[in-house]
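This is what each chain is made of:
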Amino acid sequence: MGLHQRAMENLRFIRETMERTGSFTAVPGWGGVLVGLSALAAAVAASYRATPGGWLAIWFAEGMLAMAIAALAMKHKAEKAGETLLSAPARKFALSFAPPLLAGALLTFILVEAGQPAIIPGMWLLLYGTGIVTGGAFSVDIVPVMGLCFMALGALALFCPPAWGNAFLATGFGGLHVAFGILIARRHGG
Amino acid sequence: MAKQSALRKTDAAAVPEKVAAPERPQAAAAAHVVEDLDKLIHERMRLGIVSALAASPSVTFTELKSLLRTTDGNLSVHARKLEEAGYIECTKGFEGRMPRTEYRISERGLHALEKYLDHMEALIHAMRER
Chain A
1 MGLHQRAMEN LRFIRETMER TGSFTAVPGW GGVLVGLSAL AAAVAASYRA TPGGWLAIWF
61 AEGMLAMAIA ALAMKHKAEK AGETLLSAPA RKFALSFAPP LLAGALLTFI LVEAGQPAII
121 PGMWLLLYGT GIVTGGAFSV DIVPVMGLCF MALGALALFC PPAWGNAFLA TGFGGLHVAF
181 GILIARRHGG
Chain S
1 MAKQSALRKT DAAAVPEKVA APERPQAAAA AHVVEDLDKL IHERMRLGIV SALAASPSVT
61 FTELKSLLRT TDGNLSVHAR KLEEAGYIEC TKGFEGRMPR TEYRISERGL HALEKYLDHM
121 EALIHAMRER
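Protein sequence lines, in the order shown, are assigned to chains A and S. Residues 1 to 190 (my numbering) are what the first sequence spells out, left to right. Residues 1 to 130 (my numbering) are what the second sequence spells out, left to right.
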């Protein structure tokens with residue numbers, strides 16, 4: 001390798017290290033805990049709904065609320081660290097996180113139309129996990145690991161009785177968020 | 001100064017290929033640039049530490065360890081060298097009962113990283129202009 005390639009390689013290394021630092025300091029630990037707690041509340045509320053429509057409405061509202069909490073928590077953490085949310089790592093995360101979620105939204109609509117709501121919880125967990133794995137691929141290792149846990153739980157849910165769906169959602173969106181949120185907050189500050 | 005030259009000696013062993021003279025005369029400009037390269041942050045792990053700290057106001061020891069995918073021992077050796085050179089500052093405290101070591105980059109460290117970036121750019125230019 002020539003000097004010139006080495007110099008390029010060094011610059012790339014500096015850039016990637018800086019981006020990785022930025023991308024992982026933006027992951028909100030306590031925000032994750034809050035999202036998890038709201039999901040647990042949603043799971044309890046949803047378990048009292050007899051119809052698939054009512055159940056879906058609760059979880060849909062929870063999804064919106066969770067995204068709002070996450071966005072605020074990321075913004076707060078990024079500002080504390082003196083970065084803007086639109087920095088390169090945050091943009092990369094959003095770009096790789098959004099497509100699986102959009103696919104999930106479309107499939108939800110299709111499955112409801114087809115009268116197959118039982119598949120929804122597993123599909124949600126699986127696709128949400130996919131988004132976290134791809135979005136967090138360049139963050140600290142704990143982020144893609146959390147994504148893999150969601151994916152595994154989703155896969156398991158797909159092979160279990162439909163009646164367990166709500167419990168799976170509570171374990172995933174509630175339990176995993178709270179557990180990893182605490183881990184991230186304690187190990188990586190906030 | 002004595003400390004600096006001692007560091008240079010150990011670092012030269014770690015990166016011998018960098019100091020090798022270029023075979024072609026056209027690369028003379030580049031060779032000149034290489035000569036006063038800051039060896040202290042040229043080493044990969046230390047360059048990583050300085051880059052990470054330049055991207056965030058403060059980073060903890062554990063964070064750095066996972067960011068740079070290294071071990072406790074390796075990280076603390078290199079962080080200490082940077083600290084001795086005044087490139088980074090270290091504060092030790094507690095969070096609950098857990099010890100928490102936090103690093104920040106100093107003015108001097110930031111300046112060193114900028115100079116290093118300039119060096120790399122100059123190297124690339126020198127090679128392009130041929």
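Hints in this document: simulated from the structure, not taken from any laboratory. Check each hint, because a few of them may be wrong.
Straight-line distance between alpha carbons at most 27 Å, and here's what the computed DSSO-like set of lysine-lysine pairs gives [claimed, not checked]:
#1 S:115 / S:65
#2 A:77 / A:92
#3 A:75 / S:65
#4 S:115 / S:39
#5 S:65 / S:39
#6 S:65 / S:92
#7 A:92 / S:39
#8 A:75 / A:92
#9 A:77 / S:65
#10 S:92 / A:77
Computed list of chain S residues with no C-beta within reach of chain A, every gap over 10 Å [to be verified]:
#11 39
#12 55
#13 71
#14 76
#15 90
#16 93
#17 107
#18 119
#19 126
For the chain A half of the interface with chain S, some residues (derived, Cβ under 10 Å), not all of them [claimed, not checked]:
#20 4
#21 15
#22 20
#23 91
#24 104
Where a beta carbon is used, it is the ideal one built from N, C-alpha and C, also for glycine.
- Query: Which of the numbered hints are not met once you compare them with the structure shown?
  - Reply: Violated hints (numbers, rising): 7, 12, 18, 19, 23, 24; every other hint is consistent with the structure.
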